[in-house]
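Here this note's numbering is used: position 73 in the first sequence is 73, and no number is missing along the way.
By construction, these hints were calculated from the structure, which means they are not laboratory data.
Warning: the hint list may mix true and false statements.
Dumping the calculated EDC-like pairs for lysine to aspartate or glutamate here, alpha-carbon to alpha-carbon at most 20 Å [claimed, not checked]: (1) 206 <-> 182; (2) 416 <-> 370; (3) 414 <-> 370; (4) 416 <-> 365; (5) 416 <-> 246; (6) 414 <-> 182.
Source: prediction; values computed, not measured.
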Amino acid sequence: MENVFDVLNERGFIAQVSDAEALKERLREPATCYIGFDPTADSLHVGSLLPIMALAHMQRCGHRPIVLVGGGTGMVGDPSGKTEMRQILGADQIEANVAALRGQLSHFLDFSSRALLLNNAEWLLELRYIDFLRDIGKHFSVNRMLAAECYKMRLESGLNFIEFNYMLLQAYDFYRLSTEYDCILQMGGNDQWGNIVAGIELIRRKGGRNAYALTFPLLTTASGAKMGKTAAGAVWLSATRTGPFDFYQYWINTDDRDVVKFLKLYTFLPLDEIGQVASLEGQEMNAAKTILAYEVTRLTHGTEQALAAYEAASSVFGRRDLPRTLLTSSQIPREAKEEAEAVPTTHMERARLDEGIPAFVLFAETGLCESRGAARRLVQQGGAYVNEERVKTFDALIGVEYLTGEGILLKAGKKKIHRIVVGP
RNA sequence: GGAGAGGUUCCCGAGUGGCCAAAGGGAGCAGACUGUAAAUCUGUUGGCGAAGCCUUCGGAGGUUCGAACCCUCCCCUCUCCA
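Construct the complete structure from the given sequences, taking the supplied hints into account.
So, in structure tokens, the structure goes:
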């Protein structure tokens, strides 16, 4: 079997490793590794996809991945790289979030075999302060912590004691997992480097075991935006927060320069196939983006949803030929096919349509625009379309005469679409 | 606990009695150009069927015809001192 270290390395997952040679050697044998996720919301977002994929690669290569949900550390808040203190969550909120995260992660990891999902609240909540200080605290040098990169930013704007402890708690997590689950590797974003290394150090001092750190690059898109952020907010993995169609569109809109990178990181397509994408030129790149979007959507929301999103996008933006030789491992259908319905849809009572609804009201109601004022602006700027026709006045009445077999198709700008269907 | 500096719209940041729904920049959105890309240029960016009205400058009161701006108390952040 392939060494997962090479897999991660070749696919661009690695920013830093504590001891590359030794780790690679160690990974010849099955090992246990972990990544921490903060339960700050009831859904993960695209930013978490990278660590999730890393764990999935681990499992595929025969290792045991542990997802550590920070039910305990979430009550403290990680100051790394943040300029402000984070909101501290209540215990029941965190508990609900943990349950939701488990559901999402199970799309990527098989918890029925060897993967584990643990919550550090299990051991952190019962810590006794004095014991903790004596057993763990004594191994930490405040001088060194203050010098750590992850606290730099906060030292300028202010760092309070609760957050300062975050590093100790995370180090303690690693130590617990090391002794109880024989976990030898912690992975995380590159901003976690300091915290992870602190754990390695603690493990060594407490018992001389070996442990390793591996961090992922902190991705920004080629245009500099943070991964997974759009105007509408974060792109979530939860279908109720970000619909599969919008999720698919997020990936379609990938910057040309990011396509290869994303195919490597966010799909399981073989590297030699991805290699050809680099030579695509101009519009040909769109075929690769289509496959990228399809594959990521499939992993996150399942084949059915991915297909639906793909078909919906094809029907709205036009079908594009997908060369048979491109990324052949992808199961994306390359033949023309009947349309599926995945365009975000609103149901509307017949009576309202009979009366007619002013265009700006309609656009605001479907969520295509944030407010009626925004809708008004959209129309004024010529960005509002009904059934592919530009709306000329903001209060033009939209009624039954616009109904087609597919309902009424609204577009805000060229990319955001919404369908109105008559019904309850 | 003491001294000082601050808290303005999505973010940064100007504004210190009316000309302020609040400069400038960033980010976003739309248009043109394109390939559902990038870059560029233009427009736009609190709410309301848009006239005008309503809500917004940390919070609560007050002064005034009128307060983001002046006064009082409170909350929070930062710097220095203890």
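Structure-based check of each hint:
1. 206 <-> 182: holds, 14 Å
2. 416 <-> 370: holds, 13 Å
3. 414 <-> 370: Roughly 17 Å between the alpha carbons, so the hint for residue 414 and residue 370 holds.
4. 416 <-> 365: holds, 14 Å
5. 416 <-> 246: Holds, because 9 Å separates the two Cα atoms, which is no more than 20 Å.
6. 414 <-> 182: violated, 53 Å
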